[in-house]
Structures are given as structure tokens and as C-alpha cells.
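Protein chains: 4
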Amino acid sequence: MSSCLVAVVAGVGRGTGSAIAHKFASQYLVVCLARNLESYEEVVSNINKSGGNAIGVTTDLSSAKSVKSSFDRLEMELGGDFGISAAVFNASTRPVCKPFLELTEDEYAGGYDILGRGAFLFAQATLPRLVKLVNVSSHPSSLIFTGATASIKSFAEFVSFSNGKWVLRSLAQSFAKEFGPQGVQVAHTIIDGVIGIPTTVQAMKEAGKDTQDTLISPEAIVDAYWYLHTQPKSAFSWEIDIRPFGEKW
Amino acid sequence: MSSCLVAVVAGVGRGTGSAIAHKFASQYLVVCLARNLESYEEVVSNINKSGGNAIGVTTDLSSAKSVKSSFDRLEMELGGDFGISAAVFNASTRPVCKPFLELTEDEYAGGYDILGRGAFLFAQATLPRLVKLVNVSSHPSSLIFTGATASIKSFAEFVSFSNGKWVLRSLAQSFAKEFGPQGVQVAHTIIDGVIGIPTTVQAMKEAGKDTQDTLISPEAIVDAYWYLHTQPKSAFSWEIDIRPFGEKW
Amino acid sequence: MSSCLVAVVAGVGRGTGSAIAHKFASQYLVVCLARNLESYEEVVSNINKSGGNAIGVTTDLSSAKSVKSSFDRLEMELGGDFGISAAVFNASTRPVCKPFLELTEDEYAGGYDILGRGAFLFAQATLPRLVKLVNVSSHPSSLIFTGATASIKSFAEFVSFSNGKWVLRSLAQSFAKEFGPQGVQVAHTIIDGVIGIPTTVQAMKEAGKDTQDTLISPEAIVDAYWYLHTQPKSAFSWEIDIRPFGEKW
Amino acid sequence: MSSCLVAVVAGVGRGTGSAIAHKFASQYLVVCLARNLESYEEVVSNINKSGGNAIGVTTDLSSAKSVKSSFDRLEMELGGDFGISAAVFNASTRPVCKPFLELTEDEYAGGYDILGRGAFLFAQATLPRLVKLVNVSSHPSSLIFTGATASIKSFAEFVSFSNGKWVLRSLAQSFAKEFGPQGVQVAHTIIDGVIGIPTTVQAMKEAGKDTQDTLISPEAIVDAYWYLHTQPKSAFSWEIDIRPFGEKW
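Chains as they are written, first to last, in numbering that gives the first Met the number 0: chain A, 0 to 248; chain B, 0 to 248; chain C, 0 to 248; chain D, 0 to 248.
There could be a bad hint or two in this list.
Cross-link-like lysine-lysine pairs, in silico, BS3-like; alpha carbons within 25 Å at most [as the list claims (entries may be wrong)]:
#1 A:Lys247 x C:Lys247
#2 B:Lys67 x B:Lys131
#3 D:Lys176 x A:Lys152
#4 D:Lys176 x A:Lys97
#5 D:Lys152 x C:Lys176
#6 B:Lys247 x D:Lys152
#7 B:Lys152 x D:Lys247
#8 C:Lys67 x B:Lys97
#9 D:Lys152 x B:Lys152
#10 B:Lys176 x A:Lys208
#11 D:Lys131 x C:Lys247
#12 D:Lys176 x A:Lys176
#13 C:Lys152 x D:Lys97
#14 B:Lys131 x A:Lys247
#15 D:Lys97 x D:Lys131
#16 D:Lys176 x C:Lys176
#17 B:Lys176 x C:Lys152
For the record, the hints were derived by calculation from the structure and aren't laboratory data.
Keep in mind it's a predicted model, so treat the numbers as computed, not measured.
Required output: the full structure, derived from the provided sequences and hints.
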């Protein structure tokens, strides 16, 4: 399997992560990382059933030990010198929304644990393998981070999530400036709206709202990731915002 | 000709405008607007020779009379009720760079004349025809504006150009909020780098610099415009930055 | 009168402009510019009655001829070589809020006429006289522009006003970079909220709202202008936002 | 001592922190927090000698235990219900500048430890005491954070510092939105330039550069903090940038 071209997607679950995995499976062996087996097993199974190649590895991205263990396993499966064509950091954290003075230190740190430390560990594991394939792959090696409205605005009673998202954007900008000149496409997306996954679609319907106007289809988001991945070195985009046409902003 | 799908590109010359016209000609009859015949005649001729359809109309975008006259002519050729699938405002102005106190009122106004008044006139002429095709075309009706680094930073001794570009971005943002919910994709690009047209390539070569690292290929820019045009309503991007991988920012 | 230290305030009316004039009158002869006599006559009269010095000059800031005529008159009164210690551009325009396709060219241009052309004319008239007093006055020569929320966000159906405010901010940034190194303090304020003048106070009261939480007192704004004016060259601020503590943002 | 009005300054050392402590000592008992005794002992001693009141408490802001211990001690000295009129978070971390792939996890985390966790701990300790004095003090209770150019731009090979500064700004914005409406002034400064402390002045002189043009005087920075602290509730500023007039930006 070592000669496969590889894409790694961190944060595969319902919605965007799953859609990204499916899209990149059209061209790559896709490694799906998620904290729980249940998050990725169906995606991996579906990709493999439909003629693609996918591997799922249970990974706690906030743990150096867990990330190392996952990449050790990948080395065994893919060969020690495997390169990565695309790495997508789509992991996130459930936002904690409460008055700041009621926030515990653990709740506060939750955003940073995944989006700050987790992104660091993911980047250190993937960037050397992305750099290796610069000028080799048909598309530039790409490292893409998933951001949100909270990446550029920090709201009241929402610091844990905002902090994490702001750090992630800081990382993405620094990486674009350090690794862009080496030929790696580093990009950050701002998903400004609610993503249409079964639970949000159901909630909108129950509220009597039109889901077509107000929800972003995961497949449409994925087109943006694929476009970013396939940009030539002559014209890299660092950031792109994505919102449904009916969204107020 | 009235049943053709139409794209209108303002500011067709060498470089980006010409590349946009060629790209959109793959699917649309392309109307090329430029101040001088010499700017667009070769592009129009090449598109028509290669099996596409293009019309060139000499237009001073800063003049209400000239813009009206051009669209009157288009109505005669395309039918009074012709719709527009995509409109690209790529017109610009030659930056005047001099100490502010040496700037004449005319030099100062130059940026606004094209990028402020011109964009207003272009938008008023195209938006009703874009709105008309919402939900009719295979892709959302799109209105795309070409910005630059100077759209988000204002430099010393450069106010005329910056003013124009800031106004253009203000317009694009307002339009996205007003016409996005109506189904029109309104987007703004930030071209952050030098575009590789014959004169800039030559200048780089003479300076002994590698043009691959430092110039943006017009064709690569155009891929961004086409991507923006083909985004589904579920996932519109308002703004995208584009720079060559070797650019410092 | 030629040995007086002079401050020029453009856009003196009720509210901020009047408060700025009063504040700067504590240290300067204040020149009040406004389109109509009624806007400034009471302010000028009050300053002169209370021991200060003020001159009012009816000026259409959007007209080169009117601005020239006003400064010619000032030269006659103050001497041809009078310097300016502080210049505040507080002029604005009544926002036109309507669907873009119903906007006339004149309505559209209204924002730019005052905030783009007017600011240009004001800056060309005052900057040479501000530069002249660098290192002479007790405080750095200062050129301050009044912005608004619409200076950084462009809303639907609001392009005329936003365009003008974005241009004004572009100007202020360019000037800060060109004239800051020459010792002139150039600053831009973002007034994010409703200013408490008699009409807005009355409207809030009629709506049963607490004016203390939601309105900005003009005197409080003026403290910001005075603080900006008195910053030492070692620590210039370019931009400051101002909002009442109860404002949502 | 419990009836004293109290200001708390975190990150007192040479330069800004020391200058802030001296300035606020004109009106408050100043509590100086720093990791090492040497950082604050001279400041505390000088304030007390010159008729002010200051207390120094050695505190590792990144440690919940250390912060708790420091505030326990303050409760003993100042009374359990002491209020705080102003709290300034001026702590920072020495930037680590190296290629990302050579960065250790500890080096990476360094920025967040002080600026993310430290600011959280400081805010949780001070905000209840700041809220308590709203509408009691002569000036609004104020919580001010010191940012830098790296708070709004993330540079190559600089992620640890940028991450921390971006988080700090996210916090400051969220706090302004949550505690501003409660009457607490929350502000963030962007210090864009090198601060003139003995070591930087010496370095500039050795490089043959004029220190007057290029260094920010700590006393001038402090004027900005004092201005922010004394703003009335009617006109709060959230953010202010500060740079020497000769700075390129």
C-alpha cells in the first residue's frame, strides 16, 4: 500500500468531515482520524465498499501520545516514508456557552486542547510528509483548516470555542507564510452558517424553517476544499468564507 | 442571438480580463467592455475564431452615457429582455503614486471615477439582468469584482488607487448582503501579487528574477472566478485572496 | 490675529462637531466650517461669549471653489502664513437607505462627494499648515477623521454612506503612513452607536428607552479627540473605536 | 488597608508594566504581580518611597495554584471583600522564533500558557472584584490587556507568541461584550513597535539609530491605559493601536 497517494482527514464524523473523506477518496487513500470509532467506521466502510481506499484510526488529537501512536500505525501500514498529498484539520470541539465567571478551567481549556494543541500535533505529524511531495503530486500538497464565524469574531460567553478557533487561524496564517514559499498550499475556511447534517435539518424542519435557504450542504463545502487543494502554486488562496445565500451577516 | 446565455466582462485587456473572457466563453456568449478597441479586439476575434461567441463594445465605464449606449446596443443585438448569467467587473485604473500634496483633484478622482462610479453604473446595468436568471441558469447568477492588496491596505502616496479599491470592496459587500439572499452570487477577489502578463514577465526576466515564483498566472486567477461562479447557493463565498506561493505577505 | 494657534473643525453642527469646537476652543482659535450658517452660528457665538475665539465660515466642502474661498478668507483674517495645530474632519452626509436598483446616480455619489472629495479638499487645505507647525506646537499637529460603524462594515441598501466612510478611512490610513513620519498625528475614529443630541435623546425617550445606556455623549467623544491630539510623537494611535457600554456589537 | 482603592497590574517588570504601576499609583494602591521578585521589587519600593502604596506578589500567572495563593494573600492584606478599580494584564512571554518543525510542544505551548491560561486565571480572579465597583468608583472599573502587532498578524516561525496574543485578543473582545454592558471597561491595546527600555535604547544606539523616532516611550503608552481607564461609560473604546511616529506599517 506504500505507493498510494494519501490524504489525511482529522475530525471525521457526520457532516463536513465525512463529505471531505468521500471527496478526497476519489483520488487518494483517505486516512480518517476521529476520537471515536463510531464517528468514522461507517465512512471508512462506505468508501471501501464503493471502490475507494480508506483507513480509520481512533485518535485523540489533543494527546501527543495518541497522535504518535496513530502515525506509527500508519507507517506500518503505508511504509515509513509515506508522503501526504492533502491533510485536512476538520476537528472541532463542542462549544461551551456560559457566563465567563461560571466557566471551569477545564471547560475553558477545551477549545484550545483540540484546536490549539491538537492542530499543533496534527501539523507536526503531517507537514514533513506534505513537504516531501511538493512538486511530486499532480496538485500542490495542501494543509487545510476548518474555521467558523467564531474564528474572526469573539462573542460573549463563548470564549472557549473562540479562543480555539482564533488560535487555529493564527496557526493557518503562520503556516501559509512559512510553508507556502516551500510549495505547500495552506488554507483556512470560515464556515459562516449552520451545516446541514441530519440533526440540524431535523431541527430546522421542526422549527418550520426552510432548510434550503439556511443550511450549508456538506458537499458544497467540500467543493471549496477540493478547489483549494487543486489551486496551482501560481495562485494560492489563504482564506475563503462560505455561507448559505440566505444567511444574514 | 437572444437565446444565448450571456456573460459580461468589464475591463478586458491583456492579462486577467482577457483570460476571464476566454474562460467564460466556454459556456457563454461573452460581452467584452473596454475603453479602447485595441484592448478587446484581439480577444473577441480569438474567441470567435475558436468557436465561441464574443462581442466587444467600446465603453467608458465612468460615463453614464457611455454605459447606457453600450447596453442599448446590446439590447439591439441580444434582445431587449436578455439576461446575464455572469458579470465580472475587472476594470481598473492606472495607480497614481505621488506625494499627496502634489496630487491634483483629477488625479485624486481617477480611482473613484472607474472603481466607484464605474462599478455603480456597471452594477445598475447588470444586476436586474442577473436577478432575472436566478434559479434559471445552471449556475447562480454571479457578479464578481476584482480587488487588490490595496483593497484592504491603504499605502502612503497611493490614495487615488486605494480609495477606488476600498469603495469597490464596500460595494461588493453591500451587494452580497442585498442580492445574495435573492440568489445572486456576489464575490470580491483580492489579487495580492503581480500578474504575469508579457510586460511584467519581461520586467522580471530583465531583473533576473524567477517569474514562476513571483507572478500570478492569469489562467490561475480565472479558475478562481469560475469556481466562484459555479458555487451552489448553499455555499457562497464572498471573498477570496489569491497570491503566488512565493509572495511575502 | 495671526499669532493665534488655530484649530479647524469641518462639520460643525449639533452634537459632535459643536462639542469638538468647544473643547478645542480651550486652547485654540477655532475655525468652524459648515454648509449652513445656522449650523455653526450658535457655536461660534457661544465660544466667543465665553472668552474663547471662534470664526465661522460657510463652506461647501464638496466644492473646490468653496473650500478655496473659505481658506482665502481665513488667510485675510489670520495672515497668509497661518499654521494649523489641529484639523478635524467631522463632516458627514445624511445616509440614503434604499434598494440599490432604486438609487439615482446623484444619491449614490452623495457619500463620496462629502467624504471622498470633501476630505481631499480639506486635507489639501490643512496639511501644509499642519506640517508647518510640527515640532512647534505643544502637541503634535493633528488631523482627525470621524468614522462610523459603516466605515468597517458595508450593509445592504446603504452603499452611498458606506462608500464614503470607507474612502474616508482609506484616506486616513494613507495619510497616517505618509504624514505620521513627518510628525503629524493622523487618526480615525469609529463611532459605533447613536450620538446623544437633542433629537436622538427625544426619540429614545419617546421609545421608552434609557438614554444613558444607549447614547454616546458628544462630550465623551470629544475627550477621545483631545486625547488623540495630545498624544506624544512616541505613541500615536491611528484608530480608536467608541461605543456606549450598553451597545451590542 | 481594606478601604483602599486597588489596581492590579500583572506583568510588572522594566518598561510598560513598571510605568503602568507608577501611573496608577497616583490614585490607587497598586498590586504588582510578576513571576520573579526582581521584576517588581524596585517598582514597589519606588512607589512606596514616593508616597504611594504598592504591594508586590510573586505569581506564576500560568498556574491556578499560584494565582489563588496570591489572591488569598491579598485578601488577608486588603480584606476579603476588597474591590478592584483597574486590572491590567501586561504579562507576556519571550517569543520563540524558529522553524515550526523544530518547535517542541513545550515551546509551542509557552505562548498560550501565559496569554491564554494566565489571562483566564487573572480574569477570573479580578472580574468579580471589578464588577463589584461598577458605579462606585469615580472611573469605570477597567480590565485592560496588552497586545502587540502579533495580535492581528501571524508571522512565519512565530506561532507560539502569535497564538497567545490572538487568544488574548479573543478574550478581550468576548469580555468587552459580556462585561461592558455590566459597566466594566474592557480594552485591548496593540503596541506596534519596540518599547524604549534600557536594553532596547542601548541596542538602537549601538546600531546608530535615532531612538526618538523608533521607540515607544513606556510613559506614553501608559497615558493610553489611563485614558482608557478614565473613559466614561457613555464612550468606551475596545481597542487602540499605538506606534511611534516613525514606524513603518
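Each hint, compared with the structure:
no., hint, result
1, A:Lys247 x C:Lys247, "holds, 16 Å"
2, B:Lys67 x B:Lys131, "holds, 19 Å"
3, D:Lys176 x A:Lys152, "holds, 11 Å"
4, D:Lys176 x A:Lys97, "holds, 13 Å"
5, D:Lys152 x C:Lys176, "holds, 18 Å"
6, B:Lys247 x D:Lys152, "holds, 13 Å"
7, B:Lys152 x D:Lys247, "holds, 13 Å"
8, C:Lys67 x B:Lys97, "holds, 22 Å"
9, D:Lys152 x B:Lys152, "holds, 13 Å"
10, B:Lys176 x A:Lys208, "holds, 20 Å"
11, D:Lys131 x C:Lys247, "holds, 22 Å"
12, D:Lys176 x A:Lys176, "violated, 32 Å"
13, C:Lys152 x D:Lys97, "violated, 37 Å"
14, B:Lys131 x A:Lys247, "holds, 22 Å"
15, D:Lys97 x D:Lys131, "violated, 44 Å"
16, D:Lys176 x C:Lys176, "violated, 31 Å"
17, B:Lys176 x C:Lys152, "holds, 11 Å"
In terms of the numbered hints stated before, the structure departs from hints 12, 13, 15 and 16, listed from lowest to highest.
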